[in-house]
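Chemist: Spelled out, the chains give:
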Amino acid sequence: MKHLNLLILGGIVVILSIVFGIATIKVTGKYRFERSASEMLERVNTRSQYLGISKAKDLTQNDTVTFIDIRTPKEFDGYHIENAQNIPFDRLLDDEHIEFLKNDQMKVLYGSTSVGSNAAWMILTQYGYDNLYVLDGGVQDWISEVETKDIFRDAPVTDEAAKFKFTEVMNPETN
Amino acid sequence: MNTRVILSIILISFGSIAAILPKQKTSSVQLDADDLLREIRLETNLVSTDELADLLINLDPGLMLIDVRDSVAYSKYHLPGAINIPLNQLLDEKWMPYIDQVSKNNIFYSNGTTLSSEAWILTRQLGFKNNYVLYGGLNRWFETIIKPSQPGSMATSVEIDRFNKRKAASLYFTGSSGASDMNSAPALPPVPRKKKKRVAGGCS
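If you read the sequences in order, they're chains W and F.
The numbering used here numbers the first residue of the first sequence as 59 and each following residue consecutively.
The numbering used here numbers the first residue of the second sequence as 2 and each following residue consecutively.
Hints were generated in silico from the structure; no laboratory data involved.
These figures come from a predicted structure and were not determined experimentally.
Misleading hints may appear alongside valid ones.
Claimed, not checked - Label pairs and their in silico Cβ distance ranges:
no.: 1; chain 1: F; residue 1: D61; chain 2: W; residue 2: A142; range: 26 to 34 Å
no.: 2; chain 1: W; residue 1: L74; chain 2: F; residue 2: N3; range: 22 to 30 Å
no.: 3; chain 1: F; residue 1: N59; chain 2: W; residue 2: L117; range: 30 to 38 Å
no.: 4; chain 1: F; residue 1: W96; chain 2: W; residue 2: K113; range: 32 to 40 Å
no.: 5; chain 1: W; residue 1: S106; chain 2: F; residue 2: P62; range: 21 to 29 Å
no.: 6; chain 1: F; residue 1: G82; chain 2: W; residue 2: E100; range: 25 to 33 Å
no.: 7; chain 1: W; residue 1: N161; chain 2: F; residue 2: S154; range: 50 to 58 Å
no.: 8; chain 1: W; residue 1: D188; chain 2: F; residue 2: E144; range: 51 to 59 Å
no.: 9; chain 1: W; residue 1: R90; chain 2: F; residue 2: S104; range: 25 to 33 Å
no.: 10; chain 1: F; residue 1: E144; chain 2: W; residue 2: R105; range: 44 to 52 Å
no.: 11; chain 1: W; residue 1: E226; chain 2: F; residue 2: Q90; range: 22 to 30 Å
What the hints assert, rightly or not - Straight-line distance between alpha carbons at most 30 Å, and here's what the computed BS3-like set of lysine-lysine pairs gives:
no.: 12; chain 1: F; residue 1: K77; chain 2: W; residue 2: K221
no.: 13; chain 1: W; residue 1: K88; chain 2: W; residue 2: K221
no.: 14; chain 1: F; residue 1: K148; chain 2: W; residue 2: K223
no.: 15; chain 1: W; residue 1: K223; chain 2: F; residue 2: K168
no.: 16; chain 1: W; residue 1: K221; chain 2: F; residue 2: K148
no.: 17; chain 1: W; residue 1: K165; chain 2: F; residue 2: K148
no.: 18; chain 1: W; residue 1: K223; chain 2: W; residue 2: K165
no.: 19; chain 1: W; residue 1: K221; chain 2: F; residue 2: K166
What the hints assert, rightly or not - Covered by chain W, per the in silico footprint, the following chain F stretches (three or more residues, Cβ under 8 Å):
no.: 20; region: 95 to 101
no.: 21; region: 144 to 153
no.: 22; region: 159 to 173
Even glycine gets a Cβ: it sits at the ideal position worked out from N, Cα and C.
All chains should be built: construct the whole structure from the sequences, respecting the hints.
Modeler: Right under this line is the structure:
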């Protein structure tokens, strides 16, 4: 009988530890990532999310395409692309916006530059969305009407185009 | 049936369930999209060029610079001591000891802030810590540290102090080529999280 008692005790300990383990698992249900980091890296490497300014300008004529301004409401009120909607970066995952962002229609995210909107694109794409694009150069280039096509030849995005010849600046005597 | 047999069956089935369950990585606390959004908004992942200049001048032993541009851009020019992990290779097994570790503070950089932010978001999705982004990248490094612009006549004393500090930093980084050569050797890999056992025996 002594063995049986030990066995029961052991069983209780095992069950308790399993219950404890389940109870302490972090519940991440609502905003769980749908795509793995390596899937995301593959997508990032294609750079297909970026839209140049001229292509984006053509799309403003298209009623099925929505431009989404991720800057603050104050910045949005100061200037925004015609018919754009304002969803500030920190409100992207709010219930009211997430349903709208989810539908199949094409959406172009933009901010001051493309760094913030690309981060927004990554988060929403990791979260499972497929219909989102990023305006290369952001509002800054949109206003100054910078044509980004040429820059694409040596940099994936305008933000990554080198503004200096780094080697020559560091070693002026060798030139 | 014997109680003992029933209990054994229960215990064995628990054991087999535990064995089948997917292996949990101890290093990664599972993040979700909302956590990531909050961290990016708070900008706690960003390091300024002035902060980086301080770290480099003080030869901070905890600093690891990671250039995420391609190898051609890296070999033409890179920051002192930086190693090269091109973004498209970031998740290769051989780089894991560098990006998933607890002994160094990694700062990702590229020409701008796009590639480095992408690298950071991917490592953060995996739950890795100790990774940061150089805000503005090499472009901002050259604009603010290597070629700082003189503040105008309306500049505040804070701006003038900052300019003087940047000017001194510029001299440090562009000064004698001997000193910069000394600093430009790529850093050694950090201690991996799990030490592999050294192979014992053999002749020496």
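Chemist: Are the hints correct? Go through all of them and say.
Modeler: Structure-based check of all given hints:
1. F:D61 with W:A142: 26 to 34 Å: 43 Å, violated
2. W:L74 with F:N3: 22 to 30 Å: 24 Å, holds
3. F:N59 with W:L117: 30 to 38 Å: 49 Å Cβ-Cβ, so the 30 to 38 Å window is violated.
4. F:W96 with W:K113: 32 to 40 Å: 35 Å, holds
5. W:S106 with F:P62: 21 to 29 Å: Given about 41 Å between the Cβ atoms, the range is violated.
6. F:G82 with W:E100: 25 to 33 Å: At 30 Å between Cβs, range holds.
7. W:N161 with F:S154: 50 to 58 Å: The hint (50 to 58 Å, Cβ to Cβ) holds, given that W:N161 and F:S154 are roughly 54 Å apart.
8. W:D188 with F:E144: 51 to 59 Å: 37 Å, violated
9. W:R90 with F:S104: 25 to 33 Å: Holds, since W:R90 and F:S104 (Cβ atoms, about 30 Å apart) stay within the stated range.
10. F:E144 with W:R105: 44 to 52 Å: Between F:E144 and W:R105, where Cβ atoms are some 25 Å apart, the hint is violated.
11. W:E226 with F:Q90: 22 to 30 Å: Hint holds: Cβ distance 28 Å, inside 22 to 30 Å.
12. F:K77 with W:K221: Holds, at about 15 Å.
13. W:K88 with W:K221: The given pair, whose Cα atoms are some 42 Å apart, is violated under the 30 Å limit.
14. F:K148 with W:K223: 12 Å, holds
15. W:K223 with F:K168: 20 Å, holds
16. W:K221 with F:K148: 12 Å, holds
17. W:K165 with F:K148: Violated. W:K165 to F:K148 sits at ~39 Å, over the 30 Å cutoff.
18. W:K223 with W:K165: 36 Å, violated
19. W:K221 with F:K166: Judged against 30 Å, a Cα distance of about 23 Å means the pair holds.
20. 95 to 101: violated (count 0)
21. 144 to 153: n = 3 at 8 Å, threshold three: holds.
22. 159 to 173: Per the Cβ count (0), the hint is violated.
Checked against the numbered hints above, the structure violates hints 1, 3, 5, 8, 10, 13, 17, 18, 20, 22; every other hint is satisfied.
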